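*Asks:* The chain contents come next:
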Amino acid sequence: MRRGVCSFVLMAIGIAAVACMEGGSRRSIASAGEPPASNAEVKIDNFSFGPPTVTVAAGTTVTWTNRDDIPHTVVSDDKAFKSKVMDTDEKFSFTFAKPGTYSYFCSVHPKMTGKVVVQ
Amino acid sequence: MTSLSKVFDPQTALLAKHAQHVVLVHFPIALFLTGVAFDWAGRWTRRKALAETAYYNLLVAAASTLPVLVTGLLAWQFQLEGQRLKGILLLHLVLGCTSSLLICAVWWLHFRARRRGAAVSGYLWVVEAAGVAVVGLTGHLGGFLAGVNVG
Chain A
1 MRRGVCSFVL
11 MAIGIAAVAC
21 MEGGSRRSIA
31 SAGEPPASNA
41 EVKIDNFSFG
51 PPTVTVAAGT
61 TVTWTNRDDI
71 PHTVVSDDKA
81 FKSKVMDTDE
91 KFSFTFAKPG
101 TYSYFCSVHP
111 KMTGKVVVQ
Chain B
1 MTSLSKVFDP
11 QTALLAKHAQ
21 HVVLVHFPIA
31 LFLTGVAFDW
41 AGRWTRRKAL
51 AETAYYNLLV
61 AAASTLPVLV
71 TGLLAWQFQL
81 EGQRLKGILL
91 LHLVLGCTSS
101 LLICAVWWLH
111 FRARRRGAAV
121 SGYLWVVEAA
131 GVAVVGLTGH
141 LGGFLAGVNV
151 G
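Here the protein sequences line up with chains A and B, keeping their order.
Taken in order, the first sequence gives residues 1 to 119; the numbers are from the working numbering.
Taken in order, the second sequence gives residues 1 to 151; the numbers are from the working numbering.
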């Protein structure tokens, strides 16, 4: 009887584990094929934009949040958008209406660069 | 343009955003700290050569504060479009101006003493020590802003 219960529990754990893995792989497949979200987040941390490239649909609002200890800015190469100096935990948002590739950088640290691809 | 030719391209060097400030700032810091060290060594050992060396270090340190201030203010105006500063950037600006004033004041006090043919005032080491502290703090903030602490 006890052996039967143990076998059942182990089987249940195994099924749950397989289901979790399946769900995870399905989620990753779905996220790759999903249309881009209407809001996107970019974190600024350790002198870098993360993710460095975001792909969004036209009309999406991208929000940058400074998680670094020091001030940063977000400035597009073509001056389409430009934030004020953001201190720690401050945010800047911009809505991308037109498709295209928008490269941007931090004007305090020009080596920090990123890209927004609007489809 | 190859990387080597880019290094020696005048346009790249002159339009390297605000990199000039980061490069130039090392001169007044190093010259001032060295000048003060020579001055204190000169007073300790009573060797005139050390005092002379201190004076010329302080002279060039004071002169080099001008391009550092100008490039820093230009970076603020062009890179940040002169927007109202706050936090570390504001503190760096205030301490940078204070450092420049102290460096020039220390040189001027040495210059005045030389012109009068008198020994420098006994209290001058206090001004020099304050200068070293403020310059060190400004440099620390500048390094923090530039990201030299990033591993």
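Any given hint could be a false lead.
Straight line, CA to CA, 25 Å or less: simulated DMTMM-like cross-link-like pairs of lysine to aspartate or glutamate [to be verified]:
| id | chain 1 | residue 1 | chain 2 | residue 2 |
| --- | --- | --- | --- | --- |
| 1 | A | K43 | A | D87 |
| 2 | A | K84 | A | D45 |
| 3 | A | K91 | A | D78 |
| 4 | A | K115 | A | D45 |
| 5 | A | K84 | A | E41 |
| 6 | A | K79 | B | E81 |
| 7 | A | K43 | A | D69 |
| 8 | A | K43 | A | E90 |
| 9 | A | K43 | A | D78 |
| 10 | A | K111 | B | E52 |
| 11 | A | K98 | A | D87 |
| 12 | A | K84 | B | E52 |
| 13 | B | K48 | A | D77 |
| 14 | B | K48 | A | D45 |
| 15 | A | K82 | B | E52 |
| 16 | A | K91 | B | E81 |
| 17 | B | K48 | A | D69 |
| 18 | B | K86 | A | D45 |
| 19 | B | K86 | A | E90 |
| 20 | A | K115 | B | E52 |
| 21 | A | K98 | A | D69 |
| 22 | A | K43 | B | E52 |
| 23 | A | K111 | A | D45 |
| 24 | A | K115 | A | D77 |
| 25 | A | K111 | A | D78 |
Not close to chain A: a few residues of chain B, all C-beta gaps over 12 Å, as computed [what the hints assert, rightly or not]:
| id | residue |
| --- | --- |
| 26 | R46 |
| 27 | K48 |
| 28 | Y55 |
| 29 | A75 |
| 30 | A118 |
These are calculated hints, taken from the structure and not from any lab test.
Being a predicted model, the structure only gives us computed values, none of them experimental.
Cβ atoms here follow ideal geometry from the backbone N, Cα and C, with glycine treated the same way.
*Asks:* Hints first: check each against the structure and report whether it holds.
*Replies:* Now the hints, each set against the structure:
1. A/K43 with A/D87: holds (13 Å)
2. A/K84 with A/D45: holds (17 Å)
3. A/K91 with A/D78: holds (21 Å)
4. A/K115 with A/D45: holds (16 Å)
5. A/K84 with A/E41: OK: A/K84 and A/E41 at ~18 Å, within 25 Å.
6. A/K79 with B/E81: Given that 25 Å is the threshold and the Cα spacing comes to 12 Å, the pair holds.
7. A/K43 with A/D69: holds (13 Å)
8. A/K43 with A/E90: holds (11 Å)
9. A/K43 with A/D78: With Cα atoms ~21 Å apart, A/K43 and A/D78 stay inside 25 Å; holds.
10. A/K111 with B/E52: Roughly 42 Å separates the two Cα atoms, so the pair is violated.
11. A/K98 with A/D87: Not OK: A/K98 and A/D87 at ~29 Å, beyond 25 Å, violated.
12. A/K84 with B/E52: Violated - the C-alpha atoms of B/E52 and A/K84 are around 48 Å apart, more than 25 Å.
13. B/K48 with A/D77: violated (56 Å)
14. B/K48 with A/D45: Not satisfied, since the Cα-Cα distance of roughly 52 Å exceeds 25 Å.
15. A/K82 with B/E52: The given pair, whose Cα atoms are some 51 Å apart, is violated under the 25 Å limit.
16. A/K91 with B/E81: holds (19 Å)
17. B/K48 with A/D69: violated (47 Å)
18. B/K86 with A/D45: holds (19 Å)
19. B/K86 with A/E90: holds (13 Å)
20. A/K115 with B/E52: Violated, at about 55 Å.
21. A/K98 with A/D69: violated (33 Å)
22. A/K43 with B/E52: The given pair, whose Cα atoms are some 53 Å apart, is violated under the 25 Å limit.
23. A/K111 with A/D45: holds (14 Å)
24. A/K115 with A/D77: Distance of about 10 Å is within 25 Å: holds.
25. A/K111 with A/D78: Answer holds: A/K111 to A/D78 is near 16 Å, not above 25 Å.
26. R46: Per Cβ check, B/R46 is outside 12 Å of chain A; nearest 46 Å; holds.
27. K48: The claim stands: B/K48 keeps its Cβ more than 12 Å from every Cβ of chain A (closest is about 45 Å).
28. Y55: holds (37 Å)
29. A75: Label violated. Min Cβ-Cβ 9 Å, cutoff 12 Å.
30. A118: Consistent with the label, B/A118 stays out of reach of chain A, its closest Cβ about 46 Å off (over 12 Å).
Hint check: violations occur at hints 10, 11, 12, 13, 14, 15, 17, 20, 21, 22, 29; the rest are consistent with the structure.
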